[in-house]
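Peer 1: One-letter residues, chain by chain:
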Amino acid sequence: GAVVSQHPSWVICKSGTSVKIECRSLDFQATTMFWYRQFPKQSLMLMATSNEGSKATYEQGVEKDKFLINHASLTLSTLTVTSAHPEDSSFYICSAPLLGLTYEQYFGPGTRLTVT
Amino acid sequence: RKEVEQDPGPFNVPEGATVAFNCTYSNSASQSFFWYRQDCRKEPKLLMSVYSSGNEDGRFTAQLNRASQYISLLIRDSKLSDSATYLCVVNRNAGNMLTFGGGTRLMVKP
Chain A
1 GAVVSQHPSW
11 VICKSGTSVK
21 IECRSLDFQA
31 TTMFWYRQFP
41 KQSLMLMATS
51 NEGSKATYEQ
61 GVEKDKFLIN
71 HASLTLSTLT
81 VTSAHPEDSS
91 FYICSAPLLG
101 LTYEQYFGPG
111 TRLTVT
Chain B
117 RKEVEQDPGP
127 FNVPEGATVA
137 FNCTYSNSAS
147 QSFFWYRQDC
157 RKEPKLLMSV
167 YSSGNEDGRF
177 TAQLNRASQY
187 ISLLIRDSKL
197 SDSATYLCVV
207 NRNAGNMLTF
217 GGGTRLMVKP
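Those protein sequences? They're chains A and B, same order as listed.
Numbering follows my numbering, with no gaps: position 35 of the first sequence is 35.
Convert by adding 116 to the 1-based position in the second sequence; the result is the number in my numbering.
Hints in this document: simulated from the structure, not taken from any laboratory.
Nothing here was measured: the structure is a model prediction, and the numbers come from that model.
Among the clues, some could well be false.
Derived lysine to aspartate or glutamate pairs resembling EDC-like cross-links, with alpha carbons at most 16 angstroms apart [claimed, not checked]:
{"#": "1", "chain 1": "A", "residue 1": "41", "chain 2": "B", "residue 2": "123"}
{"#": "2", "chain 1": "B", "residue 1": "118", "chain 2": "B", "residue 2": "155"}
{"#": "3", "chain 1": "A", "residue 1": "14", "chain 2": "A", "residue 2": "59"}
{"#": "4", "chain 1": "B", "residue 1": "161", "chain 2": "B", "residue 2": "198"}
{"#": "5", "chain 1": "B", "residue 1": "158", "chain 2": "B", "residue 2": "198"}
{"#": "6", "chain 1": "A", "residue 1": "41", "chain 2": "B", "residue 2": "155"}
{"#": "7", "chain 1": "A", "residue 1": "41", "chain 2": "B", "residue 2": "121"}
{"#": "8", "chain 1": "B", "residue 1": "161", "chain 2": "A", "residue 2": "104"}
{"#": "9", "chain 1": "A", "residue 1": "66", "chain 2": "A", "residue 2": "52"}
Simulated coverage check for chain B against chain A, where a stretch passes if three residues somewhere in it have a Cβ under 8 angstroms from a Cβ of chain A [unchecked claim]:
{"#": "10", "segment": "159–169"}
{"#": "11", "segment": "216–226"}
Virtual Cβ for every residue (Gly too), placed ideally from N, Cα, C.
Build the full structure now, drawing on both the sequences and the hints.
Peer 2: Structure below.
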């Protein structure tokens, strides 16, 4: 089946640094990808919709200047957490819908970010 | 009111038991409904889509009641491997964006 990969799977960084997370669709093209964040014992919260060739759409309350999204190609979207703080520590997951299949999405394995 | 609401549980059941989870959604324009399963520290995985006519996949049965905006998941003959968090997921309006419920944690014990 369709596969979405994420890199890195986990990362530890110091406060104030920036971290880039990659999301790739491995055997299909994705004009749209979604970025979610999940805090411990909470559900996934949609952060933004990444659109190939245009700007990302951010959910209310998500700072676009802090969470930079670039959909560089039909198979790659990146999320950069800029000037990371400990409260940004979370599980970041991307997903991509299969073209032609309404609403069915495939999730990446997630990236666990810890900011010290 | 949350867009998708679930009882967080945990539901602690013995092996072989039948367990049912419920979910309500607030957006009447929602058109697609799913149950996902999430294991600890892993990404969600699609368990099954939910159709108006109800659908069954082995030990799992999903039901949708559009009038009441209510979705259910029934698991029969629970296995230890069924222990996970079950997420009720609804598409947002007519697009591809999904809204997740808070999840219901199931623990199946020997």
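Peer 1: How does the coverage statement for the segment 216–226 of chain B fare against chain A, requiring three or more residues with Cβ below 8 angstroms from a Cβ of that chain?
Peer 2: holds (count 4)
Peer 1: Given the hinted pair residue 66 of chain A and residue 52 of chain A, is their Cα-Cα distance within 16 angstroms?
Peer 2: This hinted pair is violated, its Cα atoms lying about 20 angstroms apart.
Peer 1: Has the given pair, residue 118 of chain B with residue 155 of chain B, been kept, meaning a C-alpha gap of at most 16 angstroms?
Peer 2: Violated, at roughly 23 angstroms.
Peer 1: With the threshold set at 16 angstroms, check whether the alpha-carbon distance from residue 41 of chain A to residue 121 of chain B stays at or below it.
Peer 2: 15 angstroms, holds
Peer 1: Would the hint linking residue 161 of chain B and residue 198 of chain B be met if the CA-CA limit is 16 angstroms?
Peer 2: Given that 16 angstroms is the threshold and the Cα spacing comes to 13 angstroms, the pair holds.
Peer 1: Decide if the proposed pair is consistent with the structure: residue 41 of chain A and residue 155 of chain B, CA atoms, cutoff 16 angstroms inclusive.
Peer 2: 12 angstroms, holds
Peer 1: Given the hinted pair residue 14 of chain A and residue 59 of chain A, is their alpha-carbon gap at most 16 angstroms?
Peer 2: Violated. Residue 14 of chain A to residue 59 of chain A sits at ~26 angstroms, over the 16 angstroms cutoff.
Peer 1: How does the segment 159–169 of chain B fare against chain A when you require at least three residues with a CB closer than 8 angstroms, holds or violated?
Peer 2: holds (count 5)
Peer 1: Please verify whether residue 41 of chain A and residue 123 of chain B have alpha carbons no more than 16 angstroms apart.
Peer 2: 13 angstroms, holds
Peer 1: When you check the alpha-carbon spacing of residue 161 of chain B and residue 104 of chain A, does it fall within 16 angstroms?
Peer 2: 11 angstroms, holds
Peer 1: Taking 16 angstroms as the top limit, are the C-alpha atoms of residue 158 of chain B and residue 198 of chain B close enough?
Peer 2: Holds, at about 15 angstroms.
Consistency note: the structure conflicts with the earlier hints numbered 2, 3 and 9.
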